[in-house]
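K.L.:
Take a look at the letters that make up each chain.
Number of protein chains: 4
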Amino acid sequence: MPLIDATTRGVHVIAVTPFAGDGALDLDSLDRVTDLYLGAGAEGLTILGMMGEAPKLTQAESRAVAARVIARAGGRPVVVGVSAPGLAAIGELTRAVMDLGAAGVMVAPPAGLRTDESILGYYALVAETAGAGVPLVVQDFPLASGVQISPATFGRIVAGVPQVVMLKHEDWPGLAKITAIRAAEAAGQRRVSILCGNGGLFLPEEMARGADGAMTGFAFPEMMVGVVAAAAAGDMDRAQDLFDAYLPLVRYEQQPGIGLAARKHALWRRGAIASPAQRRPGQVLDAAGAAEVDRLIARQERRLRALGQG
Amino acid sequence: MPLIDATTRGVHVIAVTPFAGDGALDLDSLDRVTDLYLGAGAEGLTILGMMGEAPKLTQAESRAVAARVIARAGGRPVVVGVSAPGLAAIGELTRAVMDLGAAGVMVAPPAGLRTDESILGYYALVAETAGAGVPLVVQDFPLASGVQISPATFGRIVAGVPQVVMLKHEDWPGLAKITAIRAAEAAGQRRVSILCGNGGLFLPEEMARGADGAMTGFAFPEMMVGVVAAAAAGDMDRAQDLFDAYLPLVRYEQQPGIGLAARKHALWRRGAIASPAQRRPGQVLDAAGAAEVDRLIARQERRLRALGQG
Amino acid sequence: MPLIDATTRGVHVIAVTPFAGDGALDLDSLDRVTDLYLGAGAEGLTILGMMGEAPKLTQAESRAVAARVIARAGGRPVVVGVSAPGLAAIGELTRAVMDLGAAGVMVAPPAGLRTDESILGYYALVAETAGAGVPLVVQDFPLASGVQISPATFGRIVAGVPQVVMLKHEDWPGLAKITAIRAAEAAGQRRVSILCGNGGLFLPEEMARGADGAMTGFAFPEMMVGVVAAAAAGDMDRAQDLFDAYLPLVRYEQQPGIGLAARKHALWRRGAIASPAQRRPGQVLDAAGAAEVDRLIARQERRLRALGQG
Amino acid sequence: MPLIDATTRGVHVIAVTPFAGDGALDLDSLDRVTDLYLGAGAEGLTILGMMGEAPKLTQAESRAVAARVIARAGGRPVVVGVSAPGLAAIGELTRAVMDLGAAGVMVAPPAGLRTDESILGYYALVAETAGAGVPLVVQDFPLASGVQISPATFGRIVAGVPQVVMLKHEDWPGLAKITAIRAAEAAGQRRVSILCGNGGLFLPEEMARGADGAMTGFAFPEMMVGVVAAAAAGDMDRAQDLFDAYLPLVRYEQQPGIGLAARKHALWRRGAIASPAQRRPGQVLDAAGAAEVDRLIARQERRLRALGQG
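Protein chains in written order, with my numbering: chain D, 1 to 310; chain X, 1 to 310; chain H, 1 to 310; chain G, 1 to 310.
Keep in mind the hints are simulated off the structure, nothing from the lab.
Do not take every clue at face value.
[As the list claims (entries may be wrong)] In silico negatives: residues of chain G with every beta carbon more than 10 Å from chain H:
#: 1; residue: Met1
#: 2; residue: Met50
#: 3; residue: Ala96
#: 4; residue: Ile258
#: 5; residue: Ala274
#: 6; residue: Gly282
#: 7; residue: Glu292
#: 8; residue: Arg299
#: 9; residue: Leu304
[Said to hold, decoys possible] Ranges between beta-carbon positions, derived for each pair:
#: 10; chain 1: X; residue 1: Arg191; chain 2: G; residue 2: Ala298; range: 55 to 63 Å
#: 11; chain 1: X; residue 1: Ala24; chain 2: H; residue 2: Ala159; range: 43 to 51 Å
#: 12; chain 1: H; residue 1: Asp99; chain 2: D; residue 2: Gly131; range: 27 to 35 Å
#: 13; chain 1: X; residue 1: Gly308; chain 2: G; residue 2: Gly121; range: 42 to 50 Å
#: 14; chain 1: D; residue 1: Gln309; chain 2: X; residue 2: Gly131; range: 46 to 54 Å
[Claimed, not checked] Some but not every residue of chain H turned toward chain G, in silico, with C-beta under 8 Å:
#: 15; residue: Pro173
#: 16; residue: Leu175
#: 17; residue: Gln189
#: 18; residue: Leu201
#: 19; residue: Glu205
#: 20; residue: Arg209
#: 21; residue: Asp244
#: 22; residue: Leu247
#: 23; residue: Ala288
#: 24; residue: Arg299
#: 25; residue: Gln300
#: 26; residue: Leu304
Note that the Cβ used here is the ideal one computed from N, Cα and C, for glycine as well.
Next up, chain D with everything else stripped away, as it sits in the complex (with noise of 0.2 Å):
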């Protein structure tokens, strides 16, 4: 099976993990947002992220959600998020996925570590509890985790740590970060994929300061893979007007908590999940919420028939 690395490029998309209304697992449906997912043009796929409810599964569970899509993904990269209060159980995760062939493992930085030192004292022992080999990618999200990684500090751990191969970028703001990071690659220092998260609300600016993709997990995917690939070509006024077109969405899917629900219920809507349930505990999106996001969506189909792309 194919492992990320320092080049990989384009759409990974984080996906959402279905459930029923009773809140059991809903593999059907993981097929088919699977489906959704990669013919939108996805590269890859990241599951058991935050946005994947991965805390609320059980280890049995998360095993089973990475063998039903990294069999369903037909040889395409799926990376797993393996971020555990101890270390013993990420490596527990990360041998059983390795061996299902994920591509390789997603780490968020615990919620208490303060100093630089210990952030980078930090990846370094993940990377021996992994394994050898085992691709690694930095989950840089410090509005969820609270703790802050300097491009300084950053340099360190790529200099420190050789299978960090990749920051999933999901600070905010973080714009300067992927310039400060690619200047100083410019500089000699190793070069890592960098694909950007926070729902997309950033990815032509990203794109434009250097990054490699997104990995997030904006409901309509398209969009992500439309906007990489315009920028790719060069054409940022192409990729800003079809960003602009599901900006409103992207904006209402930004918000913490519910905006899980505001997606699910565009999944759903989508035909791609069979209910829009989150497994307790989780926010519910109220009739005023599906109602707005349903509004969102309707105005989305009218501008892309603008645009041409309807």
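Place chains X, H and G on chain D using the hints.
P.N.:
Below, chains X, H and G alone, put in the same frame as chain D:
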């Protein structure tokens, strides 16, 4: 001078505080930016909020800013942010600005408050400190303060602290909170004015759910004025069309930290302030960021022309 | 096997989890340290708490530890910490350990809870997840969790979640909370057992205010047994004299992070565990720290002899 | 007036700020408590720290307190806490108190700092703001500030900001940090004075590891004076015996929030302040708490008599 009350509506712009490149207060620019805000149709202003770099001012400077803006506002209401680590400073500044003709004061909860009881107790102390008759705005901005005020707790504040006449709504996500408060009011809770923050990022939805207007600092307040007017007239499509034209820049300004640099850059481009400088410590827009803002403004102008607004 | 209930009293030691120097579980040492705890007069044990390095174990290891301690405890009650980021893992481990004969489970609130309503809702979900009949311990440790549970909110939990039979009291400061809860019970609130943590640092005062005992892991549990017995007999001077003799070491063990290293060093000196090692990542006592602990133990022995306890 | 420098030693008491029951400043009590501190053998004082309720004072009150204490101290050094949300207020108060004869100023990092680079940058700005020649104390109190300063980062501050002459060491646990800083100094890092906080809870160990004294506010500063003197004389057993006699009360005062109420109660019992009141909002010692403090003082006196100190 006018006081705010529970019926206050419209757009009340959170004003920037202009500085020269050396960090000195620039009161001439303060006049010009006041004119820009009011010329765009704002009903009032709010000064010395977080985006006004209030903690970077001495108390004497704070009073100078308040005096200048109140004089320039020509009778339109000016709310003053008076949040401080201690009640003595809150009381001192409140007395000073109310004497100068402020329309009310705005207070965010201090970061350490954790229980609902302690939040309620805090606002009771603030009201006593401010003194009878001073209208209070509760600034509800958990992303910055770390303090979560549930709708039920806000209801207890409304019941227990009659001076609270307004919610500066900046929870995120907070749409359901507006709906919950309006529902409680329909069931008998005392009505307050709800003005929304977050740079206007959810303004159409907020108006549809019952907000009375905006209290935020987007550099093109004419957007907010237009959206609030269209919503008040019941034309939500018109509101959203206008909003969408500005959304790429709204989104850019909404980045924590660097967003204020983008906002000041835009106001500087508009000729309202002589320098985009923040007083230190402050984030500086890099060259790529300045180009990004300029590009978004140019695209915004094209789109407004297409809407017949240019 | 016995279950805890609202009348549970005495000392329930928070057990360390012994590891070999290479990080492997050391089950023989686990037997010995269990013997030490019970031999000192403890009424019961609590395993897989934070000081038991629970997040560093896999689920299989957690079950192995629970099985071993429950077997060794010879019928004395063993509470198991099952806190986890998601309810599925809590439910899975709860079922496993209750089947093994645990006396109940302990759950700390997740770090993100901010409003009183969300805390109450969380414990209702935990009770439903654990299943009817499983006794619950609320771990109230805001220094670690960031979640503040006021006495009023705890009262709502007691009223709404009948399975909650015990408070592991680890608020700091928390003496007034014990008084408030006992006063509420005098006014009709359902009684719960209150066992106190914080390494025993306030045990005499806690007993005087109405606590039922201790649930904490100080390396010399005979101190806690003696203090609880003296307090139960109404001899507070005797309780305090005994406490004071151990206090210099209690204080040293109560340091965050390094305190566990000191505790394991002391248990290793006592011959209960074969190695003071923590599983990584963990703090290591430097040479000066080891000497400090040794010195405090030697001074403690002298002082106990002077008290006629040596 | 004297300035502190890198050779400053001894006990520098963090002074309480006395208030009347109605919240008014009580300057007569401020004189008496200053006399008590210096009469106990303190080398100097530190005012307007967190335990001095500094954020509850207006700037005018802060200056009044500083003027009064500096006048009363009769030439002994008085450090002033000037931490504030913005540099302008820091600069304003620094200039005022240095003009009044302060010995230096103390600054804690603001809560938001997360990367080592931002901490270093902050202290460089503070030094520039304070002005050349003003000695700076870095207050390292992560429990309150949330900011972790590693020994390496502190070394960079020492190298980059020559005005920093002292560390108020209040990390917890922090014994290894003292050892690390002294080791770095042995390897060439510029020496600073290290005075320890945390209410003296680890003072014997801190002195043994190389601290120069204490900077904290325990209500019986004669304990700290005696411990520092015995440690300086190399008699660590004597230091510890004295310490142990006071430890039950030291521990009690070290509780967050309520600890200040206990401290003021003890100083009121000693006749140094006319009222134990804190300015609101502040925690109030309940009747049981007052009795606990009284009991601990009575036991302390008995034990000191047994040591031949009564």
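K.L.:
Taking the hints in turn, state whether each one holds.
P.N.:
Right, here's what the structure says about each hint:
1. Met1: For Met1(G), whose nearest Cβ neighbour in chain H is about 37 Å away, the distance exceeds 10 Å, so it holds.
2. Met50: Correct as stated: the minimum Cβ-Cβ distance to chain H is 16 Å, above 10 Å.
3. Ala96: holds (35 Å)
4. Ile258: violated (4 Å)
5. Ala274: holds (25 Å)
6. Gly282: holds (13 Å)
7. Glu292: At roughly 5 Å from the nearest Cβ of chain H, Glu292(G) sits no farther out than 10 Å, so the non-interface label is violated.
8. Arg299: Its Cβ does come within 10 Å of chain H, the nearest being 7 Å, so this is violated.
9. Leu304: holds (13 Å)
10. Arg191(X) <-> Ala298(G): 55 to 63 Å: For Ala298(G) against Arg191(X), whose Cβ atoms are near 57 Å apart, the range 55 to 63 Å holds.
11. Ala24(X) <-> Ala159(H): 43 to 51 Å: violated (59 Å)
12. Asp99(H) <-> Gly131(D): 27 to 35 Å: Taking Cβ atoms as reference, Asp99(H) and Gly131(D) lie about 33 Å apart, which means the hint holds.
13. Gly308(X) <-> Gly121(G): 42 to 50 Å: holds (48 Å)
14. Gln309(D) <-> Gly131(X): 46 to 54 Å: violated (59 Å)
15. Pro173: Hint on Pro173(H): holds, closest Cβ of chain G at ~4 Å, below 8 Å.
16. Leu175: Holds. Min distance 7 Å.
17. Gln189: violated (19 Å)
18. Leu201: holds (6 Å)
19. Glu205: holds (5 Å)
20. Arg209: holds (6 Å)
21. Asp244: Status holds, d = 6 Å.
22. Leu247: For Leu247(H), the interface hint holds, since the closest Cβ of chain G sits about 5 Å away, which is under 8 Å.
23. Ala288: holds (6 Å)
24. Arg299: holds (7 Å)
25. Gln300: violated (10 Å)
26. Leu304: Violated: closest Cβ of chain G sits about 13 Å from Leu304(H), beyond 8 Å.
This entry does not satisfy hints 4, 7, 8, 11, 14, 17, 25, 26, going by the numbered hints stated previously.
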